[in-house]
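S.K.: The opening position of the sequence shown corresponds to residue 2 in the numbering used here, with each subsequent residue numbered one higher.
Each hint should be verified, as a subset may be incorrect.
[To be verified] Subject to a maximum C-alpha distance of 25 Å in a straight line, what follows is the list of computed DMTMM-like cross-link-like pairs (lysine to aspartate or glutamate):
#1 K328 / D380
#2 K328 / E439
#3 K68 / D108
#4 K39 / E53
#5 K103 / D88
[Unchecked claim] Taking CB as the label site, the calculated pair distances span:
#6 D199 / D316: 45 to 55 Å
#7 D88 / L29: 13 to 23 Å
#8 R44 / R180: 51 to 61 Å
#9 T436 / G261: 50 to 60 Å
#10 H157 / L114: 27 to 37 Å
#11 N432 / V273: 39 to 49 Å
#12 D199 / D257: 18 to 28 Å
#13 D380 / R275: 44 to 54 Å
#14 A18 / K103: 46 to 56 Å
#15 R92 / G25: 46 to 56 Å
#16 H157 / D97: 28 to 38 Å
#17 S457 / A22: 44 to 54 Å
What the hints contain is simulated information worked out from the structure, not anything from laboratory work.
Note that beta-carbon positions come from the ideal geometry of N, C-alpha and C, so glycine has one too.
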Amino acid sequence: MLLSEVFRTATFRLTLAVVAAMIGTAALQFALGYSQAKTFEFRRSDALLHREADLLSRETAQDLEHKIRERATDDLRVVINEAGLFDMSHRYVAGDLRVWPKGLYSDGRVHELTVWPTEDAPYVLRILAIPVSGGRILVLARGLHMLDELRLMMRHSLVVSIVPTVLFALMSGIVLSHRALARVTVMHEAIDRIMEGDMHERLPSGRGRDEMQRLAGSVNRMLDRLEHLMDEIRDVGNDIAHDLRTPLARVRARLDRAQGGALSADDLRLVVGRAIDDLDQCFSIITALLRIGEIENARRRVGFAVVDLNEIAADIVDLYEPIAEAKQIRLDLLPSVGPVPVYGDRDLLIEVVANLIDNAIKFTDPGGEVTLGTVRHGDGARLEVADTGIGIIPEERQAVLNRFYRSDKSRHVPGSGLGLSLVSAILRLHNATLTISETRKQDIRPGALFGVVFPSAPQTTPTAA
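Just need the whole structure built from these sequences, with the hints factored in.
M.R.: Structure representation (structure tokens):
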């Protein structure tokens with residue numbers, strides 16, 4: 002693993018940002034500490050100057066001149082770095098400060114001035130000038146060398162403390178970046194294998210709960226979903242090929258017979274008619290698949306409104322009642338008190354009810370009964386379609402919602418196996434739940450009960466047909 006790759010990782014860049022923040026924080030602490038120390042030193046120097054000036058101003062003119070000339074007081078030489086005695090015209094009288102500092106006024110206030118000696122480098126002093134007895138001016142000065150020493154010590158301690166810290170942080174960043182890059186490399190290798198077609202490969206997630214492992218877990222769940230969808234697509238493709246192959250093979254066989262020229266006009270018309278029926282079956286399968294895909298993509302939500310589910314049920318019963326009578330099946334609509342509002346697409350809901358009623362009639366024997374009912378269910382609504390047919394065993398109740406699935410008991414009944422898949426797709430679009438149970442327990446023909454629960458609808462007036 003190249004070191005340049007480690008330097009380009011987000012972890013190392015984050016480490017650099019942390020190091021920069023540490024250096025900035027240390028510099029800020031140094032600046033604040035030095036500022037506080039400088040303020041304290043200024044106050045202390047001013048207090049010392051005022052105290053010594055007060056003591057010396059009480060001396061007689063002769064004693065003051067003597068003390069300034071000899072610097073003989075106990076602490077004057079230590080506390081006061083420079084002292085001078087001048088007359089009112091700022092001419093030198095005594096002391097080691099021989100030149101009146103430029104910009105100094107005898108106003109009893111401490112001034113910070115730069116002194117330019119003739120044979121030395123300039124330096125800064127805190128200077129106080131006060132009038133004293135004998136018509137003279139006492140000048141006391143204290144240097145800032147202690148502050149300079151403090152600044153030097155703080156700067157040295159800052160360098161001594163920050164350099165090892167920065168080096169340790171950089172080394173830690175390199176190590177952590179190397180670990181992170183190693184994990185990312187393993188993930189890249191797994192992703193490359195997935196891109197090469199190994200859909201069973203997964204990213205290493207481990208048992209930890211850091212951000213990389215959570216990301217790997219999310220990607221693995223996405224891959225599981227993609228693999229499931231790809232399996233469904235493959236199964237659907239196989240089912241489509243199987244369901245279309247039979248009617249197309251019949252069409253080809255009949256056209257081969259017609260091409261032989263041995264059929265009469267009536268037989269030829271019969272062959273063409275059956276071929277058209279087989280092609281219509283193929284078209285119906287393709288149309289149903291396209292509608293399921295459109296509905297699952299949620300492209301129909303723009304047509305949602307509040308509709309009366311009871312009114313839709315009544316229309317479907319009127320439509321299918323002649324078909325039920327032709328099969329000697331009783332079709333009833335259970336009475337409902339008032340409208341049953343549902344928020345959804347009216348055309349799609351009509352298709353749901355129609356498919357459920359058609360499915361119930363298809364699998365109910367002559368003399369049986371199919372009932373349809375709608376009722377308010379809490380804040381939402383419930384639709385029930387019950388029949389007295391062959392029923393659906395519990396093991397197949399989830400499978401019948403898949404595309405092209407047909408149970409062994411329903412193989413003899415014409416159909417494509419897409420009706421309940423279409424119903425399931427529409428109900429998912431409406432956030433509704435579908436349950437399947439039996440109408441009559443402990444019976445040879447238990448029947449099927451389809452229950453659909455819709456969520457609550459907005460408080461608006463249901464739209465009419």
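S.K.: Next step is simple, just say for each hint if it's right about the structure.
M.R.: Verification of the supplied hints:
1. With a C-alpha separation of about 37 Å, the suggested pairing of K328 with D380 is violated against the 25 Å cut-off.
2. Taking the CA atoms of K328 and E439, the gap is about 22 Å. The hint holds against a cut of 25 Å.
3. At most 25 Å may separate the alpha-carbon atoms for a hinted pair to count; K68 and D108 meet this at roughly 22 Å.
4. The suggested pairing of K39 with E53 holds, with an alpha-carbon distance near 21 Å, which does not exceed 25 Å.
5. With a C-alpha separation of about 15 Å, the suggested pairing of K103 with D88 holds against the 25 Å cut-off.
6. The hinted window of 45 to 55 Å between D199 and D316 holds, with their beta carbons roughly 52 Å apart.
7. Range check, D88 to L29: about 49 Å between beta-carbon atoms, so the 13 to 23 Å window is missed.
8. Here the CB-CB span from R44 to R180 is close to 53 Å, well matched to the stated 51 to 61 Å.
9. Separation of T436 from G261 is about 54 Å and conforms to the stated range, judged on CB atoms against 50 to 60 Å.
10. The given range of 27 to 37 Å is respected by H157 and L114, whose C-beta atoms sit roughly 29 Å from each other.
11. As the Cβ distance of N432 to V273 is approximately 46 Å, the hint placing it in 39 to 49 Å holds.
12. Against the hinted window of 18 to 28 Å, the Cβ-Cβ separation of D199 and D257 comes to about 45 Å, which falls outside the hint.
13. In this structure the supplied range 44 to 54 Å holds for D380 paired with R275, their Cβ-Cβ distance being about 52 Å.
14. Our hint of 46 to 56 Å for A18 and K103 holds, since their Cβ atoms are close to 49 Å apart.
15. Evaluation of the 46 to 56 Å hint for R92 and G25 yields a pass: the beta carbon distance comes to about 53 Å.
16. Taking the beta carbon of each, H157 and D97 are about 32 Å apart, inside 28 to 38 Å as hinted.
17. Checked against the given bound of 44 to 54 Å, the beta carbons of S457 and A22, roughly 52 Å apart, stay inside it.
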